[in-house]
Amino acid sequence: MYKLIRNQTALIILAVSSLFFTNFALGQAEKEVSANDAKTNQIVIKDFHFTPQTLTVKAGEKITWINRDEEPHTVVSVEKQFKKSGPLDTDQEFTVTAGAPGTYTYFCSVHPKMTGTIVVVKS
Amino acid sequence: MSDYISHDHEHDGIDRRGFLQCMAWAGTGILWTISGGVLVSKTLAQVAKAGEPLPATDLSFLQISDSHIGFSKEANKDVTETFKIALDRINAMPTPPSFLIHTGDITQLSKAEEFDTFDQVLKGCRTKDVFYVPGEHDVLTDGGKFYRERYLKSVEGKGSGWYSFNKNGVHFIGLVNVVNLQAGGLGQLGDDQLEWLEADVKGLGTSTPIVVFAHIPLWAVYPEWGWGTSDSEQALGYLKRFGSVTVLNGHIHQVLQKVEGNMTFHTAMSTAFPQPAPGTAPSPGPLNVPADKLRSMLGLTSVRYLQGKSSLAVVDSSLT
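Protein sequence lines, in the order shown, are assigned to chains A and B.
Numbering of the first sequence is given in the working numbering, commencing with residue 64 and proceeding in unit increments.
Numbering of the second sequence is given in the working numbering, commencing with residue 14 and proceeding in unit increments.
This is chain A alone, in the form it adopts within the complex:
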């Protein structure tokens, strides 16, 4: 049910925002985000899965992936909507800043079975 609501939200947002759709604003952060920074949304990579698989954030918020597997993974936008990560080894992070509202699907280019979705809503 939770997922369903999210998906409906995503569809609505996508429809509303498609006219002024622009690229993700970007910034790859190597260091950990401090408490003073904007709210960080974390996606954990564990057992070859992105969790949560669908994450909804507000425009301008940061999204950080952290790899908790012993296997390297990557984060690659399917539609090239944001810059792809390099290979993330164990405990390495990758951060982007959510830009224009929209739905962004991404996957691990090393293990393409691994996919996830980010839904950006207006802040």
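Heads up, a few of these hints could be off.
[To be verified] Once the Cα atoms are required to be at most 30 Å apart in a straight line, the calculated DSSO-like pairs of lysine-lysine come out as: (1) 306/B with 109/A; (2) 125/A with 185/A; (3) 124/B with 146/A.
Just so you know, these hints were derived from the structure itself, not from any lab.
Given the structure of chain A, go ahead and fit chain B onto it with the hints provided.
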């Protein structure tokens, strides 16, 4: 002997005589079929202990795979050492192999220093001729440019690096199924490579033994874990008319085999760390085993081919 088909009961273009003629190239395949698909296998240590050279063969080569130089996690903290031990086993063989095939994942993270370490250690191997195909760990940063430049230049790899060559009447085909992977998908060869493959084998007689090698299995080992190649059926379709096709893969760090018609599929052990059997763990990540068990789950694969006589025999050997 003519290649004329006298009886075609199955309407598949292969008669009994033709089948037997072809299977003469693959005696081990017949043995597997009789014994319920189980490979005859012995360790290289056993071969070395016997102290006798292997029977004279027209061609013998070794498959090594998944060295993962740079990996240092719990499953194996010294993968360079186990890679060295694998080479020691090769050097101790009474009959040295003609060449090696490395079926990918030389490195853990595609780092130049990892490739350098691999090359440095490999210098200690007395067999100098090595043929490569990349694993996904080898093409992490630049789509495989560095890899192709270093390992596929001498074989004039086409496109993302595929190529073929002939040795002693056997046609070898190295395929690349780890680049340009699509979200939600498996390993992939792609249209350009498939087109090339069709043309590559077009002029070959059906009794030409074929050996295909690629990193990700060219059969659906366990698609849930990505252990398969989405367009491998089409590739294998071009090879169905041949009497003996041996498919050698890596990627899954364990020995699995299957015989389907004239095709035998085989995956090799890693020299670095084992992975779980399909579906037996939450993910296909490295499998931690007790230190005294590790080397029994690492190894290499020896393939021997006796022209006109018996076999393309595939023998797996652990590092114990």
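- Item | Violated constraints from the hint list, given by number and in increasing order | Hint check: nothing fails, all pass.
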